[in-house]
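J.: Chains A and B supply the protein sequences, listed in that same order. Per the working numbering, residue 912 is the first one in the first sequence, and the count goes up by one each step. Per the working numbering, residue 96 is the first one in the second sequence, and the count goes up by one each step.
Hints are not guaranteed to be accurate.
[Claimed, not checked] Facing chain B, from chain A, some residues (calculated, C-beta under 7 Å):
hint : residue
1    : 983
2    : 998
3    : 1000
4    : 1007
5    : 1011
6    : 1076
7    : 1078
Worth flagging that the hints you see were computed from the coordinates, not collected in a lab. As the structure is a prediction and not an experimental result, all values here were calculated from the model. Where is the CB? At the ideal position from N, CA and C, for every residue including glycine.
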Amino acid sequence: MITIKNLQKNFGKVSVLKNINVTFEEGKVTAVVGPNGSGKTTLIKSILGLVKLSAGTIEVNGKSIADDFAYRNSIGYMPQTARYPENLTGNEILSLIRSIRHLNDYDDDELMKIFNLEKEMEKPFKNLSGGTKQKISTLIAFAFNPKIIILDEPTAGLDPVSSSYFKDLVLKQKELKKTILLTSHLMNDVQELSDEIVFLLDGEIKFHGSVQSLLEDKNETKLERAVAELMTRSLPQ
Amino acid sequence: MKLVKEILFYEIHNTIRSKWVAFYTAFFFFVGYGLFTFSGDVSKAYISLMNIIILIIPLVAIIFGSIYFYNSREFIEMMLSQPIDRKSLYRGIFLGTSIPISAGFAVGFSLPFFLFGKVNDQFGGFLVLLLMGILLTFIFIALSFLISVRQDDKAKGLGIAIFIWLVLAVAYDGIVLLLIYLFQEYPLEQSMIALTILNPIDLGRILFLMKFNIAALMGYTGAVFQKFFGDSLGFIISFLALAAWIIIPFFFSSRYFKRKDF
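This is chain A alone, in the form it adopts within the complex (with noise of 0.2 Å):
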């Protein structure tokens, strides 16, 4: 679980999370949507400390992050872009990460096998397409089983049939009581997966509920439609 409070965070004078308060539940998918600069992206870097807070706490698993690193063991985080040293291996990388995480239980054979990534491990990074590096990504994020998995805009470089395994493979996770964290802009990605629904925009939550509340309080079927209206509600006239 993780609990935000009265989270600030200002890059300068610009102040891109206003006073966010929101708690993410196990067993529960939760999308954070909102426009491009809507401050996505730093709430998942402020959950894994990559920002220093401006002001509010942040608690994972109900101790606080701060000053603090080994929280992350409990944190499988898959980023928007993947870039890894171009002359090690997925191999190397994922031996390292293990090393890190002083675990000896993890599972990546299965996860190998459905993106069919055993020929692909051998190969440097230089050598490899975008979307094999999305699916390395995966299997470092899930290989580790931890209880909270972010996913920042996962399905976005991956083929139908790895991003259908993926969508499968998150759903199992739920199963399993984890908490789960993703950005998307792909709304039916978004409500395939998702229970709840934060929506950011300018840095604060103008929305959090469930999926089907958003849906029944705009009367649509598609939470791209709901999304799109609560988008064009908030904005100003």
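Following the hints, put chain B in place on chain A, whose structure we already have.
T.: Chain B only, in chain A's frame:
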């Protein structure tokens, strides 16, 4: 420390497989090979090697370090999402970049000496040049990391890196000469020592000159250093100042890295 070692191990693997490092090693090998083949005088070969080392190493180290750091940005983000502290990661990346480049230089530079059996001719000189090359690599990679940590824009960062190299390697001597000319009526010895310590490339040169006992023949600062400190003390002082040139930029960049937003 264990985390630093892990990162270092993989960073070294990554850097050492880069074509840059192979090219860099080959460059020093062929320069040394050429000098020993075509120049009969070992001392002249040493001085030519010194001039190449103090120009090329700072340039390659500062540019390679900047490009490497900017290209590693997403990887750094990915690593920071793992349970690792920033200090260990930064140390691992710094050493993982500096060690392979230094090793590339050390191998390319040393091979011709062994091939031509020149190591025993001037063993001290060989060691000083080797040490100077390694120190300059660490210094300019530390400087490049300081620039890259503070400046997020890659184009600006590379511009600053090249500018710093130009000032220290090319323009500095001109500025010193201008100052000597402008203040010729005043005693300048101490200011000259301070100015030399402020430039790691000059310091590297001094280190070499002290060793070869030819400081007086090689320009004003060399003569001043020798007069003030004598050969051994001058050598120790310039060596310590070079070490400070690694530690100070590394300390500040590491401190900034710890609180940087990615």
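J.: If a hint holds in the structure, say so; if it doesn't, say that too.
T.: Verification of the hints:
1. 983: 4 Å, holds
2. 998: 4 Å, holds
3. 1000: 10 Å, violated
4. 1007: Holds: closest Cβ of chain B sits about 5 Å from residue 1007 (chain A), inside 7 Å.
5. 1011: 5 Å, holds
6. 1076: 22 Å, violated
7. 1078: 22 Å, violated
Of the numbered hints given earlier, the model fails hints 3, 6, 7; all others are met.
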